[in-house]
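Asks: Below, each chain spelled out in residue letters.
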Amino acid sequence: MPDIAGDGPEEQPLFSERPDWTDVTPVPQYEGYNPIAPIFYTPQYKDATDYFRGIVKTNEKSERVLELTEAIIRLNPAHYSAWQYRYHTLLAIKAPLDAELKLMDSLAVQFLKTYQVWHHRRLILTAIYSPPPSNASGLNDPTATTSSSAKSKPSPESQAAARTELAFITRVLMVDAKNYHTWSYRQWLLAFFDDVHLWEGELGFVERLLEEDVRNNSAWHHRFFVVFGRGQLQGEEDRVAVLKRELSYTKDQIALAPNNASAWNYLRGILERTGTSFSNLRSFVEPYTKTHEDRLGDEEILDLENPAPSAEAELPCVAALEFLADIYEKDAVSKSVEIWKRLANELDTMRKKYWEYRIKEALKDVPVQS
Amino acid sequence: MSGSELPKLARVAHAGHCNRCLSALPSSHIQIDASRLAIGFYCFGTLDLLGSIYEKTKEIEREGWREWLWHQQTSGIHGTGFKPSSYMTQDRPYGTDPEEYSEYDTPHLIMTYTAILSLAILRDDFEQLDRNGIVRFLQACQREDGSFTSFPNGGESDLRQVYCAFAISSMLDDWSGVDVDRAVSFIQQCSSHEGGYGQQPTGEALGGTTYCALASLYLAPSVSDLHAPNPHVTTDERRRTIRWLLQNQASSGGFSGRTNKDADACYCFWCGASLHILGVGDLVDRTAFLSYLASCQFKFGGIGKAPEDRPDPYHTYLSLAALALFPLEDADPSWKLPRLNALWNTTEDTADWIRQHVPLYTVKAQSPVRK
Ligand SMILES: [Zn+2]
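Line by line, the protein sequences give chains A and B. Quick note on the numbering used here: the first sequence kicks off at 1 and runs consecutively. Quick note on the numbering used here: the second sequence kicks off at 1001 and runs consecutively.
So that you can see chain A by itself, here it is in the shape it has in the complex:
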């Protein structure tokens, strides 16, 4: 990966060689005997962490601590103590936090998979927009309370910041569209600012990502979070209309790529969440449960509400058969059993035992017919 920030700390002289650090006494690491999985430290890492332990010992909070902790973080972004100390130093010396966010922009892309990068960002945003009461010690993690959110009335300034932040995450998701930390951060951010204008763009954003990759489960999950989770979008008070829109969108995506577990899971999820019976979807699902040959005999009616599978679709679709069997389970269990047998023996043999289990479970409560 290219070094985005340009000046890697490895080009810097060691702290032990720098005249401006001679007043700090480095503190070596206590390793003891027989350490488990000891790491061969590089001279740079050993040098920086020796000085860091020295700084922590004297509790110095100053400008140069920012330089030191940045050097450590670049060598080991999972060094959470350095992140913690850096955060407390930023607050103690009242450092400009927007500059910190700028620095984090480059570190986030470089260390995308490291949790600490995202956690620090949360802390910084919280410190700017929801400062803890002045009597708090500042040592505790302000994100550690669920009640933490930006002030109730968003200022134009915080609205702009939130938009900038959201745009930043969008760019990071373009690099890795399924990164768990990045998505968690986006969800936190939306809830933190809880500003209608922020929520508004989310559906469009999800749709753009799904246009690129309709199997991106993180995007589907985010859609569920946006529609049914914390946020209730403006103009979405009419939940019947919302359900209709979600059903229509999901059906279209299934028509586009029928064998997509993410879309079927979403479909099931919205039906369960809204207490809607699966059987309402029967006429949509049925064409996907047949082979192309079987469908030849069916009368082709253009039904905009129920888009049919395309000629290239791989049919029959296992997820559709599973769905249909679930519909039948209530009042025509023998039809369900027929479907499960087909899945077990022919179409989804990896889950043979599961489909047989479904048969056993379904028949458990049914009186044996003589």
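Please note that a few of the clues may not be correct.
Between beta-carbon pairs, the in silico distance windows are [said to hold, decoys possible]:
id, chain 1, residue 1, chain 2, residue 2, range
1, A, Ala257, B, Glu1059, 53 to 63 Å
2, B, Arg1092, A, Ile93, 23 to 33 Å
3, A, Thr274, B, Phe1300, 45 to 55 Å
4, A, Ala177, B, Pro1007, 32 to 42 Å
5, A, Asp23, B, Arg1123, 40 to 50 Å
6, A, Lys364, B, Glu1329, 24 to 34 Å
7, A, Lys364, B, Gly1281, 15 to 25 Å
8, B, Arg1092, A, Gln12, 28 to 38 Å
9, B, Glu1059, A, Glu314, 56 to 66 Å
Cut-off 16 Å, straight-line C-alpha distance, at most; resulting in silico cross-link-like pairs (EDC-like, lysine to aspartate or glutamate) [stated by the list, open to error]:
id, chain 1, residue 1, chain 2, residue 2
10, A, Lys352, B, Asp1285
11, A, Lys57, B, Glu1100
12, A, Lys178, A, Glu207
Keep in mind the hints are simulated off the structure, nothing from the lab. Glycine included, every Cβ here is placed at the ideal spot set by N, Cα and C.
Go by the hints and put chain B with the ligand onto chain A.
Replies: This is chain B with the ligand only, laid out in the frame that chain A set:
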């Protein structure tokens, strides 16, 4: 493919991989400096599963490791627990007592869980365990919403820490450090629309955290019978979770951690153990499962996340733990592994050792070990 056609499990090579990691890691591994105790656990766990902890290590080594592990136990205002490693420990003359920890060198919840397991694998007598201090530490880590942070003044807080707090409490047989009701309600909020559990309440369903959720709900003190319906998991919830877990078994036979992602050896454990905990481990296609893990064996020892991938102790241990849960009758004897305790994630023998040595009032006098 039937079980008899599988390649052998390269037991000696896998033990060798973990032994090498225990003795030293190259500088490219600096990122695990703050989680070395976890790496240690995966290495010891591998040796424990392979039955080679006594063959491949010497008593003097084991004694040294135990001593080093106890050096990571640390006490202070937030209670007692274990540090991830000595990476923040100030040098002092060997053998002298450490000072109380600073705010930047506190114990770590996940590392405390792995330390207890490692010490049990190394058959420590646990006389040095500060049980009351650990209970206070758990209290200090629990948040308003029922979740736990990794350390008392911050850090990650998601289902992984809840699981560690539950596992530690059940090992101590002392739940006074945990507000169970609040924690259970946090776990339930993490249930996603797909049937799995996300890392936190807004998160996408993920194999690892689904294991953490289920193991916690089954470790909870309100659950006395593992085979009876769980009071914290509704029938519908259980059905949805089973469906989602099995959907994640990919055509390669391995499990993926999220819908539509590639299979990865570690999720064979996280998803497989989840199914085992739910009492439906029999539904896994074992032959495909084993053949996937067999193909993840690296030619010079160790197991990677996918075929041809570089191995590491994490994937090596979790693959073996998964294999221990799903033995295949007709497989080569090299695949035979001891029984695993899925809730604590350790062998039953080590779990017995924990039951006999970790609680303050151990049961060794009254009841014989359950076999
Ligand atoms: Zn993995």
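Asks: It remains to establish, for every hint, whether it holds in the given structure.
Replies: Verification of the hints:
1. Ala257(A) <-> Glu1059(B): 53 to 63 Å: holds (59 Å)
2. Arg1092(B) <-> Ile93(A): 23 to 33 Å: Roughly 30 Å apart at Cβ, these two residues keep to the hinted range, so it holds.
3. Thr274(A) <-> Phe1300(B): 45 to 55 Å: Given a distance of about 54 Å, which is inside 45 to 55 Å, the answer is holds.
4. Ala177(A) <-> Pro1007(B): 32 to 42 Å: Roughly 36 Å apart at Cβ, these two residues keep to the hinted range, so it holds.
5. Asp23(A) <-> Arg1123(B): 40 to 50 Å: holds (49 Å)
6. Lys364(A) <-> Glu1329(B): 24 to 34 Å: Holds, since lysine 364(A) and glutamate 1329(B) (Cβ atoms, about 27 Å apart) stay within the stated range.
7. Lys364(A) <-> Gly1281(B): 15 to 25 Å: For glycine 1281(B) against lysine 364(A), whose Cβ atoms are near 20 Å apart, the range 15 to 25 Å holds.
8. Arg1092(B) <-> Gln12(A): 28 to 38 Å: holds (29 Å)
9. Glu1059(B) <-> Glu314(A): 56 to 66 Å: 60 Å Cβ-Cβ, so the 56 to 66 Å window holds.
10. Lys352(A) <-> Asp1285(B): OK: lysine 352(A) and aspartate 1285(B) at ~8 Å, within 16 Å.
11. Lys57(A) <-> Glu1100(B): holds (12 Å)
12. Lys178(A) <-> Glu207(A): holds (15 Å)
Of the numbered hints listed earlier, not one is contradicted by the structure.
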